[in-house]
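Modelling step: build the complete structure from the supplied sequences, incorporating the hints.
These protein sequence lines map, in sequence, to chains A and B. With this note's numbering as the guide, the letters of the first sequence map in order to residues 1 to 321. With this note's numbering as the guide, the letters of the second sequence map in order to residues 1 to 320.
In case anyone wonders, no lab produced these hints; they're calculated from the structure. Check each hint, because a few of them may be wrong.
No farther apart than 27 Å at their CA atoms in a straight line, the calculated lysine-lysine pairs in the DSS-like style are these [stated by the list, open to error]:
no., chain 1, residue 1, chain 2, residue 2
1, B, Lys218, A, Lys113
2, B, Lys179, A, Lys50
3, A, Lys175, B, Lys207
4, A, Lys192, B, Lys185
5, B, Lys189, A, Lys189
6, A, Lys113, B, Lys189
7, A, Lys214, B, Lys199
8, A, Lys68, B, Lys177
9, A, Lys29, B, Lys218
10, A, Lys29, B, Lys242
11, B, Lys242, A, Lys189
12, B, Lys176, A, Lys67
13, B, Lys199, A, Lys189
14, B, Lys207, A, Lys267
15, A, Lys92, B, Lys172
16, A, Lys67, B, Lys185
17, B, Lys218, A, Lys267
18, A, Lys92, B, Lys176
19, B, Lys199, A, Lys65
20, A, Lys113, B, Lys176
21, B, Lys189, A, Lys50
22, A, Lys213, B, Lys199
23, B, Lys211, A, Lys192
24, B, Lys199, A, Lys192
25, A, Lys113, A, Lys54
26, A, Lys92, B, Lys211
27, A, Lys156, B, Lys242
28, A, Lys29, B, Lys179
29, A, Lys46, B, Lys185
30, A, Lys214, B, Lys207
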Amino acid sequence: MARMRSKKRKVFVKSTVKTPSVDHVTGDKIPKSIVFSRGKLPGPLKQLQKDLRKLMLPHTALNLKEKKRNSLKDFLNIAGPMGVTHFLMLSKTDAAPYLKVARTPQGPTLTYKIREYSLAVDVARSQLHPRCPPDLFKNSPLIVLSGFGTGEQHLKLTTIMFQNIFPAIDINTVKLSLCQRIVLLNYNKETKLIDFRHYSIRLQPVGVSRRIKKLVQSHNVPDLRSLQDVSDFVTKAGYGSESEADDEAATVTLSSDIGRVNRASNKSAVRLQEIGPRMTLELMKIEEGMCSGGIIFSEYGNGDGAKKEANHEEEEMDEED
Amino acid sequence: MASEIQVSEPPSKRKFKSGKMKNNKKRPGNFPGTGEKKVKIDMRMKKLFRKRARDYNSDDEEGEEEEEEQQQQQHGIDAESNEPKEELDEFSEDEGEEEGDAEENGDSDDEGDAVQPGITKFSEGCRAFKMAFTKIMSKNVDPKDVLGPVLSGHKKLIAEKLAEEDSERKVKGEVKKEKHQVGEKGHVKPANFLDSHEKILIGVATKGVVKLFNAVNKAQNAQKGLNPSRFKDAKALGKRRKEAFYSELRKKRSQAADGPMKGTTSTGREGDDGPAWAPLRDSYMLTNSKLKDWDKMPEKTVGGDDLGERMVEDSSSDED
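Here it is, written out as structure tokens:
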């Protein structure tokens with residue numbers, strides 16, 4: 001027993017060492033999140049929860065074990081000492097699965113209905129060559145919010161919420177080689193749906209033939225059987241299978257070398273490949289508190305005014321009593 | 001006990017053994033105690049065998065059994081010769097042999113042993129069962145019959161039971177399917193090709209990444225060649241950063257106004273006039289509640305955390 005205990009303690013210490021609460025360069029507080037479920041989830045949603053945890057890496061609890069009797073209060077209690085700033089809660093009703101994003105400990109809480117979703121496995125299965133380099137999940141993703149600039153209050157809140165879920169990037173000190181993933185939230189004005197996508201970023205040198213790219217990337221000896229001369233290997237253009245047309249928009253000049261292929265002097269093309277999960281979200285309501293409190297926004301009915309006032313009145317009544 | 005072992009053995013041997021029995025039976029005068037004991041056990045065994053025989057011949061009527069007991073106690077021969085005919089009249093081939101056996105048994109019974117009749121019945125019962133089984137197996141089964149050859153008389157009942165099971169299974173499967181469908185609600189498998197919507201989304205994301213990378217490139221190119229440890233350069237750096245940052249901000253705002261794009265934004269506190277590395281700032285750690293173990297922090301950064309380490313190295317190289 002004693003041995004077991006000492007082992008456990010060791011593991012615990014290790015985990016605290018690994019997660020500094022303050023960024024050493026910028027001094028900003030690093031946002032941390034936990035993803036958990038409220039109520040019992042069916043199989044595919046459990047997988048979605050796992051995928052979301054992976055997406056939120058590295059500042060999240062990847063192997064969080066929940067119990068049936070864990071209430072929201074329990075999670076709130078650990079959130080303080082562990083420095084958790086955001087909760088992502090998955091739940092399921094007969095109508096649809098729901099995703100709640102909340103800031104701890106005070107709120108607000110955004111409730112999204114998940115209209116459609118695909119797991120990372122599904123996405124990988126749909127691709128010919130799914131890509132997953134080993135250190136893909138070692139750094140937090142970038143986030144791109146698009147289409148939220150309509151000026152509406154609840155959209156602004158969504159923007160702020162999702163921007164703060166991931167640590168802020170400092171332009172002057174960030175290393176581009178650490179930016180490997182991107183999370184995209186695209187708001188569609190007509191349908192009022194938010195597309196949630198997760199891509200991996202890959203940089204490729206522009207103007208270099210495919211063969212040479214491959215030769216540099218992998219140390220394998222190329223197949224020269226069909227060639228007359230070694231120079232043919234360099235001069236003969238391979239079939240341009242990759243879409244070279246839209247390259248101009250997606251090219252960057254790098255400030256420093258990334259890997260062995262992308263040199264600072266050359267131009268590089270940005271290529272994105274989806275890694276999932278994929279979600280189509282619909283904002284249902286925004287609550288002031290942590291899954292409680294006045295309703296700031298509601299999809300159905302004008303919840304902004306009437307309900308909020310009613311709630312306030314109730315609260316006042318309670319206080320008077 | 002020897003007499004019981006004989007039970008399952010063929011009749012030819014039995015005769016020999018019965019001869020042995022005679023010897024045993026003659027002895028009781030010498031050993032009265034053992035003889036009595038034997039008789040007792042035999043009675044018990046007899047009942048047991050009888051019971052088994054009854055189980056085999058399920059057509060038997062109960063009333064018959066009682067008669068048998070009475071008869072056997074009185075005249076073993078008569079009972080044995082009659083009984084097999086009643087019980088096994090289906091299997092006419094057996095009869096001859098059985099009669100022969102009965103006679104043999106009768107011989108042994110004469111010497112005062114009432115066990116044998118039950119035993120013979122048991123062994124013959126085995127044969128009867130065999131016959132019945134072969135008969136059933138040789139039957140031609142109607143291909144339309146769902147049940148096939150069934151031994152039980154309650155064919156209807158069994159058919160009903162099977163139908164019930166089938167329907168139950170069906171209901172269970174449907175319930176499971178429904179549950180699965182509810183669980184899968186909203187789950188969509190993506191198509192193998194990129195449709196236009198996905199392409200647009202990838203384009204938007206690419207734009208965002210390109211914008212960020214270009215901004216980073218600009219910011220980091222500007223501070224190349226300047227040494228932040230020298231006072232003059234540091235001042236110039238700060239100024240440049242501030243300008244670059246604000247210009248970048250303005251640019252983003254204007255772009256956000258005409259297009260739906262809103263790129264990644266950084267809080268960029270770097271633009272303030274504090275030193276680049278956080279620990280050099282006046283406000284460092286003041287916002288952090290864990291001031292108590294300030295002496296433990298450096299240890300932690302030196303240990304495992306490669307990200308933090310890399311960042312620290314980075315900034316120090318900037319200073320040099």
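Hint by hint, here is what the structure shows:
{"no.": "1", "hint": "B:Lys218 <-> A:Lys113", "result": "violated (40 Å)"}
{"no.": "2", "hint": "B:Lys179 <-> A:Lys50", "result": "holds (22 Å)"}
{"no.": "3", "hint": "A:Lys175 <-> B:Lys207", "result": "holds (19 Å)"}
{"no.": "4", "hint": "A:Lys192 <-> B:Lys185", "result": "holds (20 Å)"}
{"no.": "5", "hint": "B:Lys189 <-> A:Lys189", "result": "holds (25 Å)"}
{"no.": "6", "hint": "A:Lys113 <-> B:Lys189", "result": "holds (18 Å)"}
{"no.": "7", "hint": "A:Lys214 <-> B:Lys199", "result": "holds (26 Å)"}
{"no.": "8", "hint": "A:Lys68 <-> B:Lys177", "result": "holds (25 Å)"}
{"no.": "9", "hint": "A:Lys29 <-> B:Lys218", "result": "holds (26 Å)"}
{"no.": "10", "hint": "A:Lys29 <-> B:Lys242", "result": "holds (22 Å)"}
{"no.": "11", "hint": "B:Lys242 <-> A:Lys189", "result": "violated (35 Å)"}
{"no.": "12", "hint": "B:Lys176 <-> A:Lys67", "result": "holds (25 Å)"}
{"no.": "13", "hint": "B:Lys199 <-> A:Lys189", "result": "holds (18 Å)"}
{"no.": "14", "hint": "B:Lys207 <-> A:Lys267", "result": "holds (16 Å)"}
{"no.": "15", "hint": "A:Lys92 <-> B:Lys172", "result": "holds (23 Å)"}
{"no.": "16", "hint": "A:Lys67 <-> B:Lys185", "result": "holds (24 Å)"}
{"no.": "17", "hint": "B:Lys218 <-> A:Lys267", "result": "holds (14 Å)"}
{"no.": "18", "hint": "A:Lys92 <-> B:Lys176", "result": "holds (18 Å)"}
{"no.": "19", "hint": "B:Lys199 <-> A:Lys65", "result": "violated (37 Å)"}
{"no.": "20", "hint": "A:Lys113 <-> B:Lys176", "result": "holds (25 Å)"}
{"no.": "21", "hint": "B:Lys189 <-> A:Lys50", "result": "holds (17 Å)"}
{"no.": "22", "hint": "A:Lys213 <-> B:Lys199", "result": "holds (25 Å)"}
{"no.": "23", "hint": "B:Lys211 <-> A:Lys192", "result": "holds (26 Å)"}
{"no.": "24", "hint": "B:Lys199 <-> A:Lys192", "result": "holds (19 Å)"}
{"no.": "25", "hint": "A:Lys113 <-> A:Lys54", "result": "holds (21 Å)"}
{"no.": "26", "hint": "A:Lys92 <-> B:Lys211", "result": "violated (38 Å)"}
{"no.": "27", "hint": "A:Lys156 <-> B:Lys242", "result": "holds (26 Å)"}
{"no.": "28", "hint": "A:Lys29 <-> B:Lys179", "result": "violated (44 Å)"}
{"no.": "29", "hint": "A:Lys46 <-> B:Lys185", "result": "holds (13 Å)"}
{"no.": "30", "hint": "A:Lys214 <-> B:Lys207", "result": "holds (26 Å)"}
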